[in-house]
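Kindly produce the complete structure, drawing on both the sequences and the hints.
Protein chains: 2
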Amino acid sequence: MNIYFCGSIRGGRDLAVTYEKMIDMLGSYGKVLTEHLGSDEEIESNDRVLTDKEIHDRDLQWIVESDLLVADVTVPSLGVGYEIGRAIEMGKPILCLIKQDSEYTISAMIAGSDSVEMKYYKRVEEVKDLFEAFFSTHAPHRTS
Amino acid sequence: MNIYFCGSIRGGRDLAVTYEKMIDMLGSYGKVLTEHLGSDEEIESNDRVLTDKEIHDRDLQWIVESDLLVADVTVPSLGVGYEIGRAIEMGKPILCLIKQDSEYTISAMIAGSDSVEMKYYKRVEEVKDLFEAFFSTHAPHRTS
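Keeping their order, the protein sequence lines are chains G and X.
For the first sequence, position 33 (counting from the first letter as 1) is numbered 33 according to our numbering, and the numbering increases by one without interruption.
For the second sequence, position 78 (counting from the first letter as 1) is numbered 78 according to our numbering, and the numbering increases by one without interruption.
If you're looking for bench data, these hints aren't it; they were derived computationally from the structure.
Relax, there's no trap hidden among the hints.
Treat identical chains as interchangeable: a pair holds within one or across any two.
In the PhoX-like style, the derived pairs of lysine-lysine whose C-alpha atoms are separated by at most 25 Å in a straight line are:
#	residue 1	residue 2
1	Lys53	Lys119
2	Lys53	Lys92
3	Lys21	Lys92
4	Lys53	Lys99
Okay, structure coming up:
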């Protein structure tokens, strides 16, 4: 199973360590196509040699190839919003995660969309149960 | 002609005054459905009584009814990214504006998308010529 994980890159890296932990957890369900997102060094070595168009086209193709999307939507990010918008068009199941008590306010365009499943977490460890519920609904016969 | 203007709300209001000036300029080309975006008071009185779902569904319907989109993508915003993603699905012409020398870095998912026209500005006054070029291409027989 292919999983597309979305997190903020140029919008801000406040939650990079959290992304890395989420990507680790997601690895037990399938292949995380965007696994470089948890590490600044990996992003740098992956994307440094690519133009913005090459990054865009690769990421969009990865969304096409994914069975579902998991997005941390805590930090405002144009790219994450864009990816969610495009994934809705493709009919992908989408789980949006928000860290509670952060300095940010979630957009009404995400919080108010019927096409995404939105869940709050306080500590990243809580996300494990949210993943379990999401994958048992949307990928019950998983083979990782 | 209906115009959908996108700017950051919950992502950050740094450019609210710029949005207001852009919306004023756009008024000479048609009806700006999101004209409340330039003013915190207007947003407050428009959206205060609505749920996130009501805001989302209203804004998405406005995109459907729009002939084209104009987005200021300087400030990272989930909502703006989402709206651009959904508008691409609908085949709308999209102009993305970026303030040069700002503290932010534009997402590769916007900068690298063939489905948007991206233009830089330093002072908001320069945007007038960018609008003129965009509307003369995409709405040459405008009636405002």
